[in-house]
Amino acid sequence: MKHIFELYYDPIDMSCCVDTQELIRTLESKMSKDNLFFPFYQKNKTLREVMQYCNYDTFSYRFGSIADNILGVLFEDKNGLQYQIGARVVKNVTGFDFTRFFCQNENEFGVIKRAILRLRPKPEAFQQIVLLDSKDNCEKFCDLILHSVWATSLMGMEFIGNKKEYKVIITIGGNNQEIEILTKAILSFSAKIPVRLAVQNFEDGNKAEYLASGNLLLSKNIELADYLIKQYGGVYKGFLGNGVFLYNPQETDRFISSETEIVSKLQSYKGSIYWKQQKKQCENLSDIRKQLLLAMKD
Amino acid sequence: MKINPKFFTKAIDLFGYKSVLKEPSALVAYDNDALGFHHYPCDGVLLPRTREELVKAVNLCLEFDLPFVIRGAGTSLSGGPVAAEGGVVIHVSRLNKILDIDVNNMVCEVEPGVVLNQLNKELSGYSLFYPPDPSSGSVCTIGGNVAENAGGLRCFKYGMTTNYVLGAEILLLDGRVVTLGGPGGETYRGNNCDWKSIFIGSEGMLGIFLRLWLRLKPLPEKYWTFLVTFKELQDAANTIVDLVRNSITPLAIELIDKNVIKLIEASPVAAGFDKDCWALITEIDGPGELVDCQAPIIKKILEKHSPKEIILTCEPVERAKLWLARKSAAGLMGQISPDIMTQDAVIPRSKIGEVLALLYAESEKAEIHCLNVFHAGDGNLHPNFLFDSRIPEQEKKVKELGKVLMNKTIECGGALSGEHGIGNDKMAYIPSYFGEKEIKLQEKLLKCFNPKNQLNPGKVFPNRSFVGCCVEHPK
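For the protein sequence lines, the chains are X and F, in the order given.
2 is the number of the first residue of the first sequence in our numbering; add one for each residue after it.
-9 is the number of the first residue of the second sequence in our numbering; add one for each residue after it.
Hint data in this document are derived by calculation from the structure and do not stem from the laboratory.
Note that this is a predicted model, so its numbers are computed, not measured.
Hints are supplied without guarantee of correctness; some may be wrong.
To be verified - From the structure, some residues in chain F lie toward chain X, with a derived Cβ separation under 7 angstroms:
#, residue
1, 164
2, 168
3, 187
4, 188
5, 208
6, 236
7, 304
8, 336
9, 338
10, 382
11, 407
12, 408
Glycine is no exception: its CB is placed at the ideal position from the N, C-alpha and C atoms.
Put together the whole structure using the sequences plus the hints.
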């Protein structure tokens, strides 16, 4: 196999191979001159930290999870053996999709040393429309937007809630004219559901650490936020178009000790939750996981 | 292979005689897939009608220790759903129910035999759609799409099948039924592994899909479609790079070569293409007001590299005409050649001009026609080599050309397949693509799920042969 994991940056094909210890900030500085970006904005984190922290970010509504933006990985297993997985191209059905598998389960099997990233054209500008309102209004407004023809033109749609306020942030991008059209369209939804909307410059999101992450039905994201915040306080962040959330409770101990109740709540929303501190035992195919780990040791 | 007659007796008891095929005249339809020119006779076909019958059919093959393969519409172009080592084909097209459409959560639950376009027809009533759209959409099934991680025209903007499968209920060969994800997706952290992604694109080697949950999107309001023609290939290639680098993401970027255009224009689906040019079709979709503002920007990009002509339209009839011409191309090739080898390779987009030039030069040398119509935005080439399999010399030359393409793909850091899979057609290139370690890793995974290679043997990895009690082992 041709070694495709030497470090490179190719603005024409919009991909690069980087060490996973590299800071997102450093990546950004390399690409900005070519109007490209890697759609994960946790600038002070390394790529590996982003992979371990959360698969989703502001732009995931448009560009998917981090695994959707990694084309290949140079993976080192626990014996120090290195595997070249993936390619420098955006589509690949050659063998099993170990790129995604390792991106999502790095520590279990070894470490990703290098990754080939898919880069995206950076719009001329970003802008955000912020909705500050009640739980019900946030839900109704988001439901309307997500089912509208405008949904696929948005960059991000996040919910951030705490005991003080519930906030929905819609991120859009484009040239001035595109931004004007998108802003006008989103603001016009307030005629159907009277909510308070404000336009703001793009802000690099809330980068607080979160204790738990999970997934659920699209329509249940804000409902879960309301439940968790009322019960355990803290901060909840929902990626509304992806059906994914992050949560950092205020009453951590009580939250952790309520595992059964929370898991059952999530199940009723067809979702699941992962606690960072409680290394949740794998429910699916744990025997196969062990078998594969064992086989990789041989 | 000789199948124990008791197998058929039991199968007829379980499914009825209309759901069990064993006569050679009935089995011949399962000899190959859309790749066509290779034949792999199977020894029996089971046609389950329900999820329960599918489970029983699999159990029956396991009980009689027979190799078996799951097949949908058989539109694969890599030899995926053929009985490479004989045995049984389990044909799941009768499992074609859309079990649920949850409009509120934009997710649907389907059986594996649901036909792609039928699903989208149903979804359009709710102003929703399922984005992956291989050209075989009118017949191909969702189960096959998931097994091959299908893409299609729209995947430049919307992504591949893997981006839309929220969950799958899977029957494993050890008899377990596992549900990976579901209508709300799944979180992969800690030791909860992303097995779902491993199953998507696994070419039917790991387990059997019983049910699938798919993410849906709201239907776009308006489309602008652009047809642009070029005298020179390099101008078309440069335009592709510029289109991709722009922040307005087109739905599709398709390139059609001169010979394909000649075919189209001589057919009932003629769309008024200039016969002496390369044609590029691209399209944007979204809310009317937004795409109306984006259309002039796309037009400006298309004007940059000496186009001969640019036609843009938002009229549904005109658009449909252009896309029908594009999607009919492969079928039209069948009118002028007894056999076609359609290849699938992904290269970095900047290499499109170079790789196509190489393919034309080598084809000319070999006196084989090479026609190209492909997903240029993804760098996903689909060269079609026309030949006559009755002439052994021609088949040999076509295989040589396939080798040239695959070697060049590997050299460019590309992928042997973008959406058709490896099947048994490209199995021989796997050792040049992966190193020994990478092959071993994948074989270890296979061993966990399919230890005897009983499910879909003879595919993807060389020497993947069924180790059963009643089969003559290949020497």
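Going through the hints against the structure:
no. : hint : result
1   : 164  : 9 angstroms, violated
2   : 168  : 6 angstroms, holds
3   : 187  : 4 angstroms, holds
4   : 188  : 5 angstroms, holds
5   : 208  : 5 angstroms, holds
6   : 236  : 6 angstroms, holds
7   : 304  : 14 angstroms, violated
8   : 336  : 4 angstroms, holds
9   : 338  : 4 angstroms, holds
10  : 382  : 29 angstroms, violated
11  : 407  : 5 angstroms, holds
12  : 408  : 4 angstroms, holds
Consistency note: the structure conflicts with the earlier hints numbered 1, 7 and 10.
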